[in-house]
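Work out the full structure: start from the sequences and follow the hints.
There are 2 protein chains.
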Amino acid sequence: MAKLSHWFAKGSPMTIKLENLGKAVLDTQYAVRGPIVARAAELEREGREIIYCNIGNPQALEQKPLTYIRQTLALAQYPELIETGAGLFPADVLETARKLLAGSKYGMGAYSESKGVRFVREAVARFISQRDGIEADPEAIYLTDGASKGVQAALRIVIGAPSDGIMIPIPQYPLYSATITLYEGRQVNFYMDEGNDWKLSLAMLESSYREAVAQGVKVRAICVINPGNPTGSIMDWENIAMVIRFAKAHDLTILADEVYQENVYLAGERFVSFAKVMAELGEKDVSLFSFHSCSKGFLGECGQRGGYMEIRNIPADVVAQILKIQSVGLCANLTGQMTTYCLVNPPRPGQPSYELFARERDGILSELKQRAVILAEGLNRIPGVQCNKVQGAMYCFPRLTLPPGRSDFDYCMSLLEETGICVVPGSGFGQVPGTAHFRTTILPPTYKMKMVVEKLAAFHAAYK
Amino acid sequence: MAKLSHWFAKGSPMTIKLENLGKAVLDTQYAVRGPIVARAAELEREGREIIYCNIGNPQALEQKPLTYIRQTLALAQYPELIETGAGLFPADVLETARKLLAGSKYGMGAYSESKGVRFVREAVARFISQRDGIEADPEAIYLTDGASKGVQAALRIVIGAPSDGIMIPIPQYPLYSATITLYEGRQVNFYMDEGNDWKLSLAMLESSYREAVAQGVKVRAICVINPGNPTGSIMDWENIAMVIRFAKAHDLTILADEVYQENVYLAGERFVSFAKVMAELGEKDVSLFSFHSCSKGFLGECGQRGGYMEIRNIPADVVAQILKIQSVGLCANLTGQMTTYCLVNPPRPGQPSYELFARERDGILSELKQRAVILAEGLNRIPGVQCNKVQGAMYCFPRLTLPPGRSDFDYCMSLLEETGICVVPGSGFGQVPGTAHFRTTILPPTYKMKMVVEKLAAFHAAYK
Numbered sequence: 002m003a004k005l006s007h008w009f010a011k012g013s014p015m016t017i018k019l020e021n022l023g024k025a026v027l028d029t030q031y032a033v034r035g036p037i038v039a040r041a042a043e044l045e046r047e048g049r050e051i052i053y054c055n056i057g058n059p060q061a062l063e064q065k066p067l068t069y070i071r072q073t074l075a076l077a078q079y080p081e082l083i084e085t086g087a088g089l090f091p092a093d094v095l096e097t098a099r100k101l102l103a104g105s106k107y108g109m110g111a112y113s114e115s116k117g118v119r120f121v122r123e124a125v126a127r128f129i130s131q132r133d134g135i136e137a138d139p140e141a142i143y144l145t146d147g148a149s150k151g152v153q154a155a156l157r158i159v160i161g162a163p164s165d166g167i168m169i170p171i172p173q174y175p176l177y178s179a180t181i182t183l184y185e186g187r188q189v190n191f192y193m194d195e196g197n198d199w200k201l202s203l204a205m206l207e208s209s210y211r212e213a214v215a216q217g218v219k220v221r222a223i224c225v226i227n228p229g230n231p232t233g234s235i236m237d238w239e240n241i242a243m244v245i246r247f248a249k250a251h252d253l254t255i256l257a258d259e260v261y262q263e264n265v266y267l268a269g270e271r272f273v274s275f276a277k278v279m280a281e282l283g284e285k286d287v288s289l290f291s292f293h294s295c296s297k298g299f300l301g302e303c304g305q306r307g308g309y310m311e312i313r314n315i316p317a318d319v320v321a322q323i324l325k326i327q328s329v330g331l332c333a334n335l336t337g338q339m340t341t342y343c344l345v346n347p348p349r350p351g352q353p354s355y356e357l358f359a360r361e362r363d364g365i366l367s368e369l370k371q372r373a374v375i376l377a378e379g380l381n382r383i384p385g386v387q388c389n390k391v392q393g394a395m396y397c398f399p400r401l402t403l404p405p406g407r408s409d410f411d412y413c414m415s416l417l418e419e420t421g422i423c424v425v426p427g428s429g430f431g432q433v434p435g436t437a438h439f440r441t442t443i444l445p446p447t448y449k450m451k452m453v454v455e456k457l458a459a460f461h462a463a464y465k
Numbered sequence: 002m003a004k005l006s007h008w009f010a011k012g013s014p015m016t017i018k019l020e021n022l023g024k025a026v027l028d029t030q031y032a033v034r035g036p037i038v039a040r041a042a043e044l045e046r047e048g049r050e051i052i053y054c055n056i057g058n059p060q061a062l063e064q065k066p067l068t069y070i071r072q073t074l075a076l077a078q079y080p081e082l083i084e085t086g087a088g089l090f091p092a093d094v095l096e097t098a099r100k101l102l103a104g105s106k107y108g109m110g111a112y113s114e115s116k117g118v119r120f121v122r123e124a125v126a127r128f129i130s131q132r133d134g135i136e137a138d139p140e141a142i143y144l145t146d147g148a149s150k151g152v153q154a155a156l157r158i159v160i161g162a163p164s165d166g167i168m169i170p171i172p173q174y175p176l177y178s179a180t181i182t183l184y185e186g187r188q189v190n191f192y193m194d195e196g197n198d199w200k201l202s203l204a205m206l207e208s209s210y211r212e213a214v215a216q217g218v219k220v221r222a223i224c225v226i227n228p229g230n231p232t233g234s235i236m237d238w239e240n241i242a243m244v245i246r247f248a249k250a251h252d253l254t255i256l257a258d259e260v261y262q263e264n265v266y267l268a269g270e271r272f273v274s275f276a277k278v279m280a281e282l283g284e285k286d287v288s289l290f291s292f293h294s295c296s297k298g299f300l301g302e303c304g305q306r307g308g309y310m311e312i313r314n315i316p317a318d319v320v321a322q323i324l325k326i327q328s329v330g331l332c333a334n335l336t337g338q339m340t341t342y343c344l345v346n347p348p349r350p351g352q353p354s355y356e357l358f359a360r361e362r363d364g365i366l367s368e369l370k371q372r373a374v375i376l377a378e379g380l381n382r383i384p385g386v387q388c389n390k391v392q393g394a395m396y397c398f399p400r401l402t403l404p405p406g407r408s409d410f411d412y413c414m415s416l417l418e419e420t421g422i423c424v425v426p427g428s429g430f431g432q433v434p435g436t437a438h439f440r441t442t443i444l445p446p447t448y449k450m451k452m453v454v455e456k457l458a459a460f461h462a463a464y465k
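First to last, the sequence lines map onto chains A and B.
Throughout the first sequence, residue numbering follows the working numbering, covering 2 to 465 in sequence.
Throughout the second sequence, residue numbering follows the working numbering, covering 2 to 465 in sequence.
Watch out, some of these pointers could steer you wrong.
Straight-line C-alpha distance at most 20 Å; calculated SDA-like pairs for lysine to any residue [said to hold, decoys possible]: (1) Lys106(A) <-> Leu19(B); (2) Lys106(B) <-> Lys465(A); (3) Lys106(A) <-> Ala321(B); (4) Lys24(A) <-> Val218(B); (5) Lys106(B) <-> Arg49(A); (6) Lys390(B) <-> Val218(B); (7) Lys465(A) <-> Thr436(A); (8) Lys219(B) <-> Pro14(A); (9) Lys219(A) <-> Asp237(B).
The hints are simulated quantities; they were obtained by calculation from the structure and are not laboratory data.
Put into structure tokens, the structure is as follows:
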């Protein structure tokens, strides 16, 4: 490949100039793919082995896709195979592909409605109904290119002016802080209680709200990530009801990021959705955006970019605005839409593909559960490192005791340079001032996880 | 499916309220999927046959996907088929799928680098090099979910303040006006010369620029669509050089929308890229963003949402900002990335899949060419309708003589109600004040096209 030097020549009088870029663009930070990850890629090109624990990207760490999903997608892409390759696929997968193609009307190559293929939205609504025992409406479902795009669509609508505040948990997934900055809203932090398994308390919410209002912020919405990223904590019914009542009391809209709903590891814990609690409370005034994704759970289909947003208690005039803004981007990719169909419509017991599906699913979930324990226990054995149990999601967010003058950024960069382990400093997620953390995924294969813990322990002991 | 009534109940005290939404969101308009299209969907649900001429969505109008693309995508999704189904695929497609899977490292299910899979970006750079006889750098390529997302990424970077102006052709594709409104920049119109086959003139550019500057606008960039949407016009080398010199003189960045580069119908016309002319002029200061897509040309793979943005003459500090903003969205969908690989790397003469590929490609292009002629000639035979030759792209933008007091919006709505033909009023694209137009695609199958023209003629004659 020919090399170009002129396009990145510095100091040249090019027509686009850094000083003319917007403050919002310049201020946006996204640590999950920030300078430490850039350095990791550099080291990898130099031949170093890097263990990427910076991002929830399971299939980059040896997790295999579920067979029924890939079979369905292959048939949807090349429908001739339903006939010519019939012998290579289970009967129920052939049937699903046929239904999907008929339901999509034009297959994978046409733009769908802006909201996504109605047939898939109907399946999502049935999934929510059955999961939660509540009503769900296909017209309130928007299929999105992964959950990130759904969250961005919701924030685009909710942030109406520079004084509009969005409450986010600290620590949080930096998609939230980055998008609030980019859309020029005000980030309003509320702290999760690290000493109490990262639980939320009403006192914390109220004090964060009061402080923001005192600063002239008009608080419009509260974001919640359940199960938590990066904390791994899980909210119970009462906790969720508390957030809903808090939102109602202060006229707030709720954004509920529920992409880790299948990732619950601790015995006795289970996922409860905001939509379910809201319905059970009979709450009809608190506006709710909920998000789900094909990238997490046991699918781990990050590259397909599938997901959905469900809206509840949104007035018709605002719904029209949501649809209009979605329509400018035309529609989510059809493969992602079809993957979402598979997410909400897995093989059922008795179907030919069920046994393999169940084996693959259970294998992935039990591996994740095992790694969550190995990682948290291993980290807690390192003097100066302390972490809560990983109840759910795909991350661990240990607290560090650091030598004076050292930041978690320095620590993570040195860890990378010395061990090849790539994690993200706590500063990228937010933390109580004066504390230091990092986020690591629980995704390295089990046989590597012990080595990761050992390397971390040795590194930490020697870190000055 | 159970019906919900509460989520769209009007006038209820829900926490999200129209009056709190941002002006930018409220002001955004996107006619290609506006009220006329919504009405068309309503009529269709009531059982009416609708001919959707509002959007360039070929596979929704009976265009078939290219076999080698779908075969490649099926194998990439379900790699086991490379072995188990080997007999069902040509050898070169099996080989391409193997290379793609190896090149992507983790297949279709993992997030790629934010810019997209390097292997695909290398293929894009080779394609540009070979198409234009110029150098191209894979690191200057960003794979995007369709070209729309690329255009939005570029505008996000270029619009830095509310006084920043973006010059756009009138008529234009409303993605541009919608995104400029959403990002709170200033839209600066320049008119294409309808009486001269929609050509651009330097005088028009200069007068539009001067007028904007006089109003306090800081003009930052100029957008060009070549071949033109909705005009179907094609720019030659001299025309492009004129725009580049104009941009240089006024310190403007260029956004070149080249998604219709394969759609050239008129004998003697050919597509020339901005990158090529810029290189041939030896121009190293004018910053350029160019866009290409899998949705148009002869692929018509709109639902796969594949495309790329190439950047030239951008300083390193701005490049870092582009990459950062792209990384918040993680990456484009992998199916779209792989479709882009197929776009830039089609079967070559002598390969087993070439003959079928060439037959499918030539069939689609010759149909489109035929329809462009039938449509333009047919429209020109209607008294009170007048249009230029469709030189390229997928649209025709005829001018209408309307009864007094009637707008093109009224006209298009009546046309839909009476004939089932769905087109978009000229006001959605912009037009010289006092004139009226509509945009129709040339995509209805040839056997339907004559009927479309006849229905239009009858409707127009009776329209009061």
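Each hint, compared with the structure:
no.	hint	in the structure
1	Lys106(A) <-> Leu19(B)	violated, 34 Å
2	Lys106(B) <-> Lys465(A)	violated, 37 Å
3	Lys106(A) <-> Ala321(B)	violated, 42 Å
4	Lys24(A) <-> Val218(B)	holds, 18 Å
5	Lys106(B) <-> Arg49(A)	holds, 16 Å
6	Lys390(B) <-> Val218(B)	violated, 35 Å
7	Lys465(A) <-> Thr436(A)	holds, 17 Å
8	Lys219(B) <-> Pro14(A)	holds, 17 Å
9	Lys219(A) <-> Asp237(B)	violated, 53 Å
In terms of the numbered hints stated before, the structure departs from hints 1, 2, 3, 6, 9, listed from lowest to highest.
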